[in-house]
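S.K.: The primary structure of each chain is shown beneath.
Protein chains: 2
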Amino acid sequence: MGYKGSSENFLNKSDVSIGDTVLIEKNDVSYEGILLDRSEDADDGCIVLKLDSGYNIGVNINNATIGLIEKGDKPKISYKPVNIEYDDKKLDISIISTGGTVSSIIDYKTGAVHPVFTAEDLLRSNPELLDLANIDVKALYNILSENMKPEYWVNSAKSIADEVTSGADGVVVAHGTDTMHFTSAALSFMIKSPVPIVVTGAQRSSDRPSSDAHLNLINSVGAAKSEIAEVTVCMHSTLNDDYCDLHRGTKVRKMHTSRRDTFRSIDFEPLANVKEGKVSYLLNDFKKRNQEDLVLNNKIEEKVAIVKTYPGISSEIINYHIDKGYKGLLIEGTGLGHLPENLLDSIKRANQEEIAIVMTSQCIYGRVNMNVYSTGRKLLNAGIISGKDMIPEVAFVKLAWALGQSSNIEEVKNIIQTNLAGELNEKSSTKYFLN
Amino acid sequence: MGYKGSSENFLNKSDVSIGDTVLIEKNDVSYEGILLDRSEDADDGCIVLKLDSGYNIGVNINNATIGLIEKGDKPKISYKPVNIEYDDKKLDISIISTGGTVSSIIDYKTGAVHPVFTAEDLLRSNPELLDLANIDVKALYNILSENMKPEYWVNSAKSIADEVTSGADGVVVAHGTDTMHFTSAALSFMIKSPVPIVVTGAQRSSDRPSSDAHLNLINSVGAAKSEIAEVTVCMHSTLNDDYCDLHRGTKVRKMHTSRRDTFRSIDFEPLANVKEGKVSYLLNDFKKRNQEDLVLNNKIEEKVAIVKTYPGISSEIINYHIDKGYKGLLIEGTGLGHLPENLLDSIKRANQEEIAIVMTSQCIYGRVNMNVYSTGRKLLNAGIISGKDMIPEVAFVKLAWALGQSSNIEEVKNIIQTNLAGELNEKSSTKYFLN
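Residue numbers (UniProt numbering), protein chains in the order written: chain A, 1 to 435; chain B, 1 to 435.
Just chain A, same shape as in the assembly:
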């Protein structure tokens, strides 16, 4: 056991063991859950429970009592070996794991989260993947996606390109959900591919009954076998465990902190649905398999920042980024693409110093149009670049990528305003609002 000191004594005096369902009562509150072991030696007076909601909590044992509800089940994850045999009638799909909930296996016996480091680990919990394709798993990173950085996008793009060069018929990228849409946008700009590149993840870990890891993985492998040779995001479509939406990588956003159907196409519709690994195409306007040769262009400028405006914002924040040597600023303005007029002089200064400034809207939906009101026209005159219908996160990634392609401000402006990967659409239909 990882429990030490007072918590070890507390457990030793009770009749419960690791893995049992227990009740802890403390003051007026009671907690029911599975008693987990500690993954490292801990002498902090806390007991860790896995609640029915799937979340782990630590309960301080001060004034607490513990009782047994039910002896522990066997671990839900099977450790029987899987038999991986190459089947030359099946497509070859590579899975690149970068970390996040989808790439983790939680051991009920210990409560520890194990990253997936081998094909065997992942295939043991998802053996159905082998019915769909020959699967090769590469563990590139094991990081939570809030810690994703532009340099990891660069390396991920390289790894994907290597898989394609090595003959993969499709690539699945397992990723944390927090910044998945930043990464899918980055990969969209960095890679032109003859085969599908599908980014997926999970909102609930694979030990939970409500986990979406399994369905998302199955359907991502299905999508990676499809005709859609773009970077897409494949995630739960509804609250039911029935199918996934396949979103264009530049038109998708995480819109809910916890729902499994959190990823939504913004001002656009999903390219396809995927059910039990089978793809139903919803649109025909996508890059087809083998339409393009592989091109990797993963240079990026890291000195790019997001500034969200708010009432009372000081122009000093713009000057700060100029003084710190930032090459690009992504502004999340208000409404049609406005910002407080007190920022205008700093924007002009940035323009004079050849810093690229792109305007998007914190509304999320819709498009910036800086020709409607005088504020917008002043900003255009000050050299600000319209992000049109790009969501802020995609415009941020594109700005960093564009500055990696050129240091000439006019060329950067041209790249920003040219549709490269479905990120810009001349017309937005209102029907996709809040879909």
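Among the hints, a few may not be true.
Because identical chains cannot be distinguished in the list, a pair is counted as satisfied if it fits within a single copy or across any two copies.
[As the list claims (entries may be wrong)] DSS-like mimics (lysine-lysine), calculated; alpha carbons at most 27 Å apart, straight line:
no.: 1; residue 1: Lys287; residue 2: Lys378
no.: 2; residue 1: Lys348; residue 2: Lys324
no.: 3; residue 1: Lys192; residue 2: Lys149
no.: 4; residue 1: Lys303; residue 2: Lys324
no.: 5; residue 1: Lys158; residue 2: Lys303
no.: 6; residue 1: Lys90; residue 2: Lys431
no.: 7; residue 1: Lys275; residue 2: Lys431
no.: 8; residue 1: Lys348; residue 2: Lys303
no.: 9; residue 1: Lys26; residue 2: Lys413
no.: 10; residue 1: Lys71; residue 2: Lys278
no.: 11; residue 1: Lys13; residue 2: Lys348
no.: 12; residue 1: Lys287; residue 2: Lys89
no.: 13; residue 1: Lys278; residue 2: Lys299
no.: 14; residue 1: Lys71; residue 2: Lys303
Simulated from the structure, these hints should not be mistaken for laboratory data.
Please read these numbers as outputs of a predicted model, since none were measured by experiment.
Using the hints, position chain B against chain A.
M.R.: Chain B alone, transformed into the frame defined by chain A:
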């Protein structure tokens, strides 16, 4: 005419007049619209058209030709005087104008936008308001809402309180839409009121056939007569010109750059619908008319900033705000309330220096829960305050207000985490996602 120089010559050589529908052809592009006058003398070689979409554009006359499509109509806005007679059987509703599209009248003859400065101006274009109530109009500001500042919230709250003290049975605040939800949140925290306070605006100016100004004003006066003595936002409910939603002022957000039904209750439902000035209550859980006495508490701390995180963000941006004397930081983190681990030391430093840091999620929908993953628990240990289910903009306003109430960090933390105006709900129903 405001046209001078080359553009005046260009127009004089044609057969068109101000107010006519004209066609300008230039290179491969043609523009059809109503020829507007310039509001100030302009010699910039540009002609201004009002397009059918309602937007004004400037077209440079280089290589351009202009032709008449149809002679101009009469101005759509009537200038006949309105007869305002006090009717003591009706309620007294005060309209406070702060600016924005809703408070403007556009003159078709000149294309100039006139702010509403008198009751006559506003009632001339919306005479039906007089059927609903005795209307008193005060012009407090005439600013676009992207230029709203915390000090204007303070003054607006004071003006509203003055109207209530003077006997108003309800107050309507006319406001630009860009930052309307920041203002409705600020007023929600600053005023406890025995009568309704309804914030409204328009996405399309009142000269356009699709303008929402009229419907929103009528229904806002209706809402101001209702039993809901809270700060609410009253705006178009759908794309049809049929009714408005009445949103709680702390649970609403502008979600589309241009749609008239852009304002949406987030993780909540509208309190009521309003049609033709008549209120249909959807919930019963609101503060009733005369339930509370008037309390004005409009102190606010202006040294508060929003920082949205993104892949590659430097910890220097946190240190910058600490060094500049900010008292509070509102973080828009990712997912359940995470930020990149490289920011952790700066967060700890902020906490040591008694700067209040509140976590919200850029997902917009859902609630932060920092107990699920290790990242979140580290942040809680570093002293960060959970914004729970507050949207980032509301949490920002509440933080500024809380710091105006107390400089004690524990008291501020307590204020942030206590529901004061419906901004915090212990449970969020999933059914309100993307409503």
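S.K.: Take the hints in turn and mark each one as holding or not.
M.R.: Going through the hints against the structure:
no.: 1; hint: Lys287 to Lys378; verdict: neither (38 Å within a copy, 43 Å between copies)
no.: 2; hint: Lys348 to Lys324; verdict: both (17 Å within a copy, 23 Å between copies)
no.: 3; hint: Lys192 to Lys149; verdict: within (21 Å within a copy, 45 Å between copies)
no.: 4; hint: Lys303 to Lys324; verdict: both (9 Å within a copy, 22 Å between copies)
no.: 5; hint: Lys158 to Lys303; verdict: within (21 Å within a copy, 44 Å between copies)
no.: 6; hint: Lys90 to Lys431; verdict: neither (39 Å within a copy, 41 Å between copies)
no.: 7; hint: Lys275 to Lys431; verdict: both (24 Å within a copy, 24 Å between copies)
no.: 8; hint: Lys348 to Lys303; verdict: both (19 Å within a copy, 24 Å between copies)
no.: 9; hint: Lys26 to Lys413; verdict: between (61 Å within a copy, 24 Å between copies)
no.: 10; hint: Lys71 to Lys278; verdict: neither (40 Å within a copy, 60 Å between copies)
no.: 11; hint: Lys13 to Lys348; verdict: neither (70 Å within a copy, 38 Å between copies)
no.: 12; hint: Lys287 to Lys89; verdict: within (25 Å within a copy, 67 Å between copies)
no.: 13; hint: Lys278 to Lys299; verdict: neither (35 Å within a copy, 59 Å between copies)
no.: 14; hint: Lys71 to Lys303; verdict: neither (55 Å within a copy, 55 Å between copies)
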